[in-house]
Amino acid sequence: DARVTQTPRHKVTEMGQEVTMRCQPILGHNTVFWYRQTMMQGLELLAYFRNRAPLDDSGMPKDRFSAEMPDATLATLKIQPSEPRDSAVYFCASAKGREANYGYTFGSGTRLTVV
Amino acid sequence: QQQVKQSPQSLIVQKGGISIINCAYENTAFDYFPWYQQFPGKGPALLIAIRPDVSEKKEGRFTISFNKSAKQFSLHIMDSQPGDSATYFCAASQRLGGGADGLTFGKGTHLIIQP
Numbered sequence: 001d002a003r004v005t006q007t008p009r010h011k012v013t014e015m016g017q018e019v020t021m022r023c024q025p026i027l028g029h030n031t032v033f034w035y036r037q038t039m040m041q042g043l044e045l046l047a048y049f050r051n052r053a054p055l056d057d058s059g060m061p062k063d064r065f066s067a068e069m070p071d072a073t074l075a076t077l078k079i080q081p082s083e084p085r086d087s088a089v090y091f092c093a094s095a096k097g098r099e100a101n102y103g104y105t106f107g108s109g110t111r112l113t114v115v
Numbered sequence: 001q002q003q004v005k006q007s008p009q010s011l012i013v014q015k016g017g018i019s020i021i022n023c024a025y026e027n028t029a030f031d032y033f034p035w036y037q038q039f040p041g042k043g044p045a046l047l048i049a050i051r052p053d054v055s056e057k058k059e060g061r062f063t064i065s066f067n068k069s070a071k072q073f074s075l076h077i078m079d080s081q082p083g084d085s086a087t088y089f090c091a092a093s094q095r096l097g098g099g100a101d102g103l104t105f106g107k108g109t110h111l112i113i114q115p
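Protein sequence lines, in the order shown, are assigned to chains F and U.
Taking this note's numbering, I'd label the letters of the first sequence as residues 1 to 115.
Taking this note's numbering, I'd label the letters of the second sequence as residues 1 to 115.
By construction, these hints were calculated from the structure, which means they are not laboratory data.
Okay, derived cross-link-like pairs now, DSSO-like style, lysine-lysine, Cα gap no bigger than 30 Å in a straight line:
#1 Lys68(U) <-> Lys57(U)
#2 Lys42(U) <-> Lys11(F)
#3 Lys96(F) <-> Lys57(U)
#4 Lys96(F) <-> Lys107(U)
To be clear about the criterion: a stretch of chain F counts as covered by chain U if any three or more of its residues have a C-beta under 8 Å from a C-beta of chain U, and this derived list gives those stretches:
#5 41 to 53
#6 83 to 97
Every residue gets a Cβ at the ideal spot worked out from N, C-alpha and C, and that includes glycine.
Required output: the full structure, derived from the provided sequences and hints.
This is the structure:
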């Protein structure tokens, strides 16, 4: 089965450190999303790309978060500097087209703990 | 403002019983309503979805009921099994800029099926 691969699966870091999370979308999927999951807020959309172009990152704190897609096989989400409130599970999802037609495929997430 | 409200937050059902999870939305721009299932340590996975021009959709033991006028929809799991124990998210989709779809998720329902 084709799947979305996220690395690392777990990350513990100290406040102020830079964190980079990586995502390999399913080959042929042209839309990539980053979501954050917390107990309090649930699943929140952070940013998304279509054909590698960033279309919307209004869900991200601009001063510390950045998302890029350097090529079709890699999407990255970076936090610099990290803060304890960033502790969450970060999911990448990819889609072949409109979700209504194909559905999203989520990765297994990166669990980030900032101490 | 929470655009998709989901209830209950947690649910315990006996094996063989019917599990019912409810969701309500406000934004009439939503045009597709999927349900996602998430097991611990995994990302959400598409379970079943419905378009607003249909009042009911059934796939195996899973049924979505949709009430467009009330802006409500629900998931029914018939003959609930211990393997159905998971967190269930309702979601609503709308077209974003660039032709992608954005999902707004409910807060989730933690379902436990007791043997």
